[in-house]
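For this one, chain A is given, so just place chain B on it according to the hints.
The primary structure of each chain is shown beneath.
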Amino acid sequence: MRFVFANPVTVTLTRPRTPWAAAASITVNYVQVQSARQDVADDPLGGDLDGDRRTFRLWLIECQGLPPSSDYEIAMSDGSTWIVKQMDTLCKGREFRCHCMARVGSLP
Amino acid sequence: MSNRVSPILAAVVAKIQGLALAVGGVVLPVLVRKAAVRRDRFDPSAMITVAKSRELEDVTRFSFGELRTDYVIDVVIHSPFAGPDDGIDDYAAARDTLVDAFSRPPLVGAPLVFDLRARPAAWLQPYGEKSEYDWQAVQVIASVVTANSGGGP
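Residue numbers (my numbering), protein chains in the order written: chain A, 1 to 108; chain B, 109 to 261.
By construction, these hints were calculated from the structure, which means they are not laboratory data.
All C-beta atoms in this analysis are idealised placements derived from N, C-alpha and C, irrespective of residue type, glycine included.
Watch out, some of these pointers could steer you wrong.
Unchecked claim - Simulated coverage check for chain B against chain A, where a stretch passes if three residues somewhere in it have a Cβ under 8 Å from a Cβ of chain A: (1) 136 to 149; (2) 157 to 171; (3) 219 to 226.
Extracted from the complex, chain A is given alone in its bound form:
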């Protein structure tokens, strides 16, 4: 199934470092990327903070033992870094839909 999507991309999935574990990264192939959406991320004291949102679909079999989770990072070849904020598990655990927000300042 993952071979039939148009324009799959390859990304780097990273589990961030924590006080009790080192960071870990893997390369994930056949990732389907949805279009980005620019949105208001927050409103400090009535102001606006911009945020870009994007959805990635990753296959478990491509994740090599590091399935995505909240706060994991997805780095694209254009240099942008996306942080997983919410995740849907699809296809009985075989696929993940990651709702992400761009790291501030990482967009080209």
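Same frame as chain A, now just chain B:
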């Protein structure tokens, strides 16, 4: 014509620039804004915005001849969210430094200001984990007394 807010905002900016507040070793630029707005692809990743607050100024008639106005100024420190395990030293230092700096007059550059107070506002928002921003705020309350001219010269 009266414009008391613009000189106050400029004076607050100048005072904060003099403090050279930094996050991660980088001194933050200080910008006057209509509101605490940060635009992607336009603005620095980390910065301080100074804006007149949405909270309305309090106008009191002191006597028949004078008006006292308390302006609320929002000072917001924006910086990228770098995870929940980050040290908070820079954030805490910036916050307490601002409170110390704006807790008593004078406010150089705004001679009308006879009283100055700092009111801590939002601390690092837990929304950082949802919005990718660390932001916190301090509100400065600048009080001025002006002649109650009734709008005349």
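Evaluated hints:
1. 136 to 149: holds (count 8)
2. 157 to 171: holds (count 4)
3. 219 to 226: It is violated: at least three residues are needed, and the stretch 219 to 226 of chain B offers just 0 whose Cβ sits closer than 8 Å to chain A.
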